[in-house]
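Protein chains in written order, with this note's numbering: chain A, 1 to 469; chain B, 470 to 653.
Simulated from the structure, these hints should not be mistaken for lab results. Being a predicted model, the structure only gives us computed values, none of them experimental. It is possible that part of the hints are untrue.
[As the list claims (entries may be wrong)] According to the in silico footprint, chain A covers these stretches of chain B (three or more CB under 8 Å from chain A):
no.	segment
1	594-608
2	626-636
[As the list claims (entries may be wrong)] Calculated Cβ distances over 10 Å to all of chain B for the following chain A residues:
no.	residue
3	Val389
4	Thr416
5	Leu438
By construction, the Cβ of each residue, glycine as well, lies at the ideal position given by its N, Cα and C atoms.
Spelled out from the first residue to the last, the chains are:
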Amino acid sequence: MSDSIRDDVSNGPVATSGLPVLEPGHTYSTITDKISEIALTKRTSRRWLMGFGIGFTLTMVLLYSIAVLLIRGVGVWGLNNPVGWGFAIINFVWWIGIGHAGTLISAVLLLLNQDWRTSINRFAEAMTLFAVSCAGLFPLLHIGRPWLAYWLLPYPNTMAVWPQWRSPLIWDVFAVTTYATISLLFWYVGLIPDLATMRDRAKSSFAKIVYGIFALGWRGAARHWHRYETAYLLLAGIATPLVVSVHTIVGYDFAVSIVPGWHVTVFPPYFVAGAVFAGFAMVLTLAIPIRAFYGLQDFITERHLRNMAKILLATGLLVAYGYMMETFMAWYSGSDLEWSLLMNRLFGPYAVQYWALLFCNVVVPQLLWLRSIRGSTIALWLISLVVGVGMWLERFIIVVTSLHRDFLPSSWGMYTPTFWDWSLYLGTIGLFLMLLFLFIRFLPVINIFEMRVLLEKKEREKEEGEERA
Amino acid sequence: MERTLPLYGMLARYPDPDTLVEAAEKATAAGYTQMEAYSPMPIHGLAEAIGFHSNRLPWIVLLGGIVGGLTGYFLQYTTAVIDYPLNVGGKPNHSWPQFVPVTFELTILGAGLAAVLGMLALNGLPRPNHPVFSIDEFKLASRDGFFLFLLARDPIFDADSAASFLRELEPAPLFVVPVEEEHA
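Taking the hints into account, I'd like the entire structure generated from these sequences.
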């Protein structure tokens, strides 16, 4: 990317709006010490123990639910004919969508040279990684015999068969594994210089050794930085189309079928927008309490929250457009099947969920037009929770209402999740929380070296401003 | 302290990024060709100042992407067209548009792996030990220390003149130390 383009973008309205991306008064050492201290301190706070405890307990619930599932089979879930895709697919799509904001923040905003991404990218990338881990569990468990999951991969086998390449479900296998791998690499590469900082600042020799191993002997040489930056930029460049492709393929899982309600051309882009929408909501849900507990207001400033609120509003409008087109096409297509599906959504047995989804995803986010709402941490946090629920309902509606009334009325049915559906879902939330708390405790939550770069840049800008004045 | 190991180079610390870049430029101007700079973050122009220009990484990433993409396409072609043709929904065996997603994903995977592994390999990492780590103050290279390092293998390197040269560039605080080679 040429320098002139990057400069143009950085001078855009986002970069120059009033609030700072880094509170004044910091130096290289205060930034380093403050961020690394969170992980290096010997004291484990009670709040952390409580949060971790909740995550750990729910993870045990997850393991128990998986054990029950493996012993008794997928019959313990609420699946039936005609609804063969229940919670497993709803939660898969929900989790993977949440992950997308992480990649977007770290990759797309890096390419657009948006300064304000710096203090939230590490944490958003971690969120991506953990969300993808939770997402991956569902299809694996849904296949019923997860120990045979390797059948999904192309390898020469005694049955002499190969994967069916014309199915979006096999595309999904490749998309999700690639996404998980690239997300891990992106996150880890970003961590290497900070792990070196941790290695150099750790007091206990055990911590020194462990951080040292993962820091790979990083010493901040200029040649290394040069190649490092190239690699990081290229990774960002390829992660951007990747994130779009992953959710496009998730959209294909539905759109390539001929089921009314799924066979919709707008699905791929609308899924991508929905993913970003849900993901930014999750970043807000997590960033707001973490910033308060750890006193990170200097680094995750009002600016960050406001910018994220704007993205939430914009993607929310895209999603609303998607709902509108779905409804419009049901009428415009002139297809009886589409029309009866729409009537079923609006007034059928799952109408409550449908209207709730519209309320959560379309009505509530409109509050973000108000500057005072965007500036209120509590309001933002509540809205982000509502959007999280709304996006879950959206996937519920897409999966369940499209399936439960099959083409023949004789094969109509209802879908009700069972206790084990809920416990598994709750369990993955626990796994996510547990991993997140471990991450907060042992790794720098904010990218330290990028904060140093940001500090240098801000000081340079300040000097130039003074010279001009 | 009696020197028992051969000298590896001379290390000096500078107060901020600008001074370090300036010092590196002066060292290049003075004829030093073997040097390295260490900093807690990437600094624009520093690699050029120490005379580092070539960067093969983008080509490695391109190659990784091409290899990944070709692998993806030919994997599908050989399995679905040659080894086990299967009629799915009346589509031709070589239904290339449906081979695009997997090809794309493997292109990304190949390029991503090449970017990370290529960067580490070219940087000679992982390398847990290095002579500069023997200097205590070097810990600051990951916090707020900016270091210039002249290597002893430089043809014009001489311990005394290198030390006085680095001192002239106003290191702060006055910090110039010899670094010894580790035991082989």
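Against the structure, the hints:
Proximity of the segment 594-608 of chain B to chain A, defined as three or more residues with a beta carbon under 8 Å from a beta carbon of that chain, is established by the 10 residues found. With 0 residues bearing a CB less than 8 Å from a CB of chain A, the segment 626-636 of chain B misses the requirement of three and the coverage assertion fails. Its beta-carbon lying about 31 Å from the closest one in chain B, valine 389 of chain A satisfies the requirement of being farther than 10 Å from that chain. With a least CB separation of 33 Å from chain B, threonine 416 of chain A remains clear of the 10 Å interface cut-off, as annotated.
At the 10 Å boundary, the C-beta of leucine 438 of chain A stays outside the reach of chain B, the nearest C-beta of that chain being 23 Å off.
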